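Colleague: Chain by chain, the residues:
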Amino acid sequence: MEYEAVIGLEVHVQLKTQSKMFCGCATAFGAEPNTLVCPVCLGYPGVLPVMNEEAVRKTILSGLMLGCEIARFSKWDRKNYFYPDMPKNYQISQYDLPLCIGGAVAIPGKKLGITRIHLEEDVAKSFHYETTSGVDFNRAGTPLMEIVSEPDMRTTEEAFAYLTALKEVLIGGGVSDCDMEKGQLRCDANVSVRPVGQKAFGEKIEIKNMNSISGVRRALAYEIQRQIAAAKRGEKMVQETRRWDDEAGVTSVMRTKEHAHDYRYFPEPDLMPVVVSEAWLAEIRSAVPELPEAKRKRFVEQYGLPEYDAEVLVADAAVAAYYEQAAAGSKNPKAISNWVMTELLGKFADNKIAPLQLAELVAAIDGGQISGKMAKDVFAEMFATGKGATVIIKEKGLVQVSDAGALEVLAEQAIAANPKSVADYRAGNASAINFLKGQVMKLSKGKANPQLVGEILARKLQA
Amino acid sequence: MSLHTLTVCQLRDKIRTGEVSSREATQSLLNRIASVDGKVKAYNWLNADNALAQADAAKKGGVLAGVPVAIKDVINVDGQPCTCASKILQGYVAPYDATVIRKLREAGAILVGRTNMDEFAMGSSTENSSWGTTCNPWDLTRIPGGSSGGSAAAVAADEAFAALGSDTGGSIRQPAALCGCVGLKPTYGRVSRYGLVAFASSLDQIGSFTKDVRDAALLLSVISGHDPMDSTSVPRPVPDYVAALERGVKGLRIGLPKEYFIPGMDREVEAAVRAAIAKLVSLGAEVVEISLPHTDYAVAVYYLIATAEASANLARFDGVRYGARVKGEDVIDTYGKTRGSGFGPEVKRRIILGTYALSAGYYDAYYLRAQKVRTLIRQDFEKAFAKCDVIVTPTTPEVAFKAGEKSGDPLKMYLSDIFTISVNLAGNCGVSIPCGFAHKLPIGLQIIGKAFDEETVLRTAYAYEQATAWHKERPVL
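For the record, the sequence lines run as chains A and B. Here our numbering is used: position 254 in the first sequence is 254, and no number is missing along the way. Here our numbering is used: position 256 in the second sequence is 1256, and no number is missing along the way.
I should point out that these hints are in silico values taken from the structure, not numbers from a laboratory. The model shown is predicted, which means the values in this text are computed figures rather than measured ones. C-beta: ideal position from N, C-alpha, C; glycine also. Keep in mind that the hints are not guaranteed to be accurate.
[What the hints assert, rightly or not] Now the stretches of chain A that chain B is said to cover, found in silico as 3 or more residues with beta-carbon under 8 Å: (1) 69 to 82; (2) 86 to 92.
[As the list claims (entries may be wrong)] Which residues of chain B face chain A? A few of them, derived with a C-beta cut under 10 Å, are: (3) Ala-1098; (4) Ser-1192; (5) Ala-1312; (6) Arg-1321.
Could you build the full structure based on these sequences and the hints that come with them?
Modeller: Spelled out as structure tokens, the structure:
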């Protein structure tokens, strides 16, 4: 019997806000432990939460980007459980009235449904030593958005594509940096298997502790195989939560259904419900950026780029914006794309070249002023100094020699000095001309227009 | 005349004119505390040097410049202990000021000490304090009421010019009634809760204990107002409550809820309350009979909602970040041992009740149902206030009871708040003022107002107070 997997993902995303969800403490990664804290995020007696409106705005923006319905009335709830990383031993979250409902993430050829998006506060971080443990509360209270998918994924690849596309949207919208290494994006999965053709879902198994996208990929692949093997042996799955061990590459039981938490959710009495006015919603809607999928399509149509170029450029919103500014000032958008992709990507942060300066460089090449080889040197200098292409070309005296008379003289010299290559060429070895071409370039100190040199040599050798 | 017997307004005026200094007043108060608090036991913590230093540094010109105020041990004062009368907060020193404390400081008040209470404000007799019971200044064998028993007893015994307390189901009005002082519970949202250690967040409200109604109006003017740190505080302007006192009660419609004059009531208490109503009528008020039909459910609703919220609010006391910690084998064991030895029996009872009410499978039947009935109780008040301007009732069905009399029977104890609890559930404001004596013990008259209509409540109380002398009676200690 053939089996297929059914996968749903719960993704937690730390929002990029200046301050925490319910207090004024800064959100920053890597600060000294317990320095970004106050009585509120430490859960001291008597403190009260105050909602961070920017976090709500970013959640609504995410919902709009993902095609969710935005709740006009939503509320906060307390989720109760004891853990040392929970300052109040309850987490302020949203239970039955989340901010966003429905929506989807588009992957190539398919739309993967979203059930809901809600907002909550992050917990602290525990550290375990040999005999003791420590808690760093810097992270406690960071705005955390939870995106719950529908069980729409059937393969590990689809889950991977979902995460990649989701990340792209959220980064593009400036909602989060989604850096998994820094814990800005965390993912739990619900996995079950069923015989192909069967409608009903199998018993779902929740997998936790996958700390990288590749971890998610490996954990899902392992778990699907494990469940299919068990099904083939005739074993029945029971609902449980399993922990992914990245080093060992296996999942193991964390808790069974009988030990599932009763979170005793109830409405948070310290906060007012969130009422989203039409005016506020319209204002947020006006800030929704172009989605990556639409942008890629536009790049192909507007700039005549291959799909590959569009994908690479759009992957980083800053790079895409740079490209668009450069392309706007150029007659050769594909050449701009080549320069950006081969020379700028990876060191974009250190770039000193203004977009229009790059367009100027491409124009200099296309106009025959400098050769492609010269352009590389000019680019390097532009990158380091921020000077314009024309300025550098002038300073270095790099202007390409396209004067046919001068080149003819140099060609004569090369022919006279290299009779062997001339003989080879005439004997039918066409590539021998390249050596002669090189000699001319040398004589011109690299400034000769290579295309013109080729033409002159060919004409002279045939004579 | 000794300085400690003055009201806040009297003392403030004497300090303003330079007749007395804040240091003299504070010293007089400290002397009084030294001489009688061994009997009353109203204070949990006191620091004479600290109080005198504050008096010397007190801001001139503030509304309360130089006036010492006592604070219930549940409101955070930066640098002072805040134990909530619980062993679990033994050694905890507050690292910040509650908003009401900031406002008091800005008005020039001296924060003289911490008053005793039922542990985490759970109780009606102050017998649930981990630091010992406070005694009623009128009869030391009796309880002062609770949970703000320390604040009430301190004001009644002239051990405080005024005190702050908190009222979740009657914890200001009931002890004020039993000790014979003025206890004001403002409308939910009128006073910031920031810095008040939460018992039941949707019911808690900070208020005052004073020797007369004018002082209550003055204190409310100081502590009220919207606070960006408390999302449930309401952005409404703060009226001049003192100026509103003199308007009288001519034409005022007084609602008498038939459900509040019940068979089991102490006859002398009922007689005193009826006499007080007659007095108000003689001053020009009219009586209207009203009904609050869901009154019978109030105590049950209260003990579901308050305990549910408390079960979450008190979860933070786990020994991890502050307060007492009893080390166990592992973290779960540490939680168990810390909370097991840190909380007293009534607090544990309520945490368990609340946890149960919120549990899967019970939530709908208990918590959700209770919230629905709470809405009905609120609607009762809305309908009633269409017919009247204030509602007048006894504050409690009986006068102060003997220590130990009800501590073995939680239900009996819960019923002593039967007339005050509905007001918290509805969110309205209410005051208790002295209206006589029964068996030589004070009786309280409760005046309930519409939401944010403290002005009418206070002017009714003031009119009655001006026409009577009950508030001038003092216990002999």
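Colleague: None of the hints should be skipped; say for each whether it holds.
Modeller: Hints and how they fare:
By the rule of at least three residues with a Cβ nearer than 8 Å to a Cβ of chain B, the coverage given for the stretch 69 to 82 of chain A holds, with 3 such residues. With 4 residues having a Cβ less than 8 Å from any Cβ of chain B, the stretch 86 to 92 of chain A passes the three-residue criterion, so the hint holds. Interface hint at B/Ala-1098: satisfied, since its Cβ lies 6 Å from the closest Cβ of chain A, which is below the 10 Å cut-off. For B/Ser-1192, the shortest C-beta to C-beta distance to chain A is roughly 8 Å, which falls under 10 Å, so the interface hint holds.
Because the closest C-beta pair between B/Ala-1312 and chain A is about 5 Å apart, less than 10 Å, the hint holds. The interface hint given for B/Arg-1321 holds, since its Cβ lies 6 Å from the closest Cβ of chain A, which is under the 10 Å cut-off.
In this structure, every one of the numbered hints holds.
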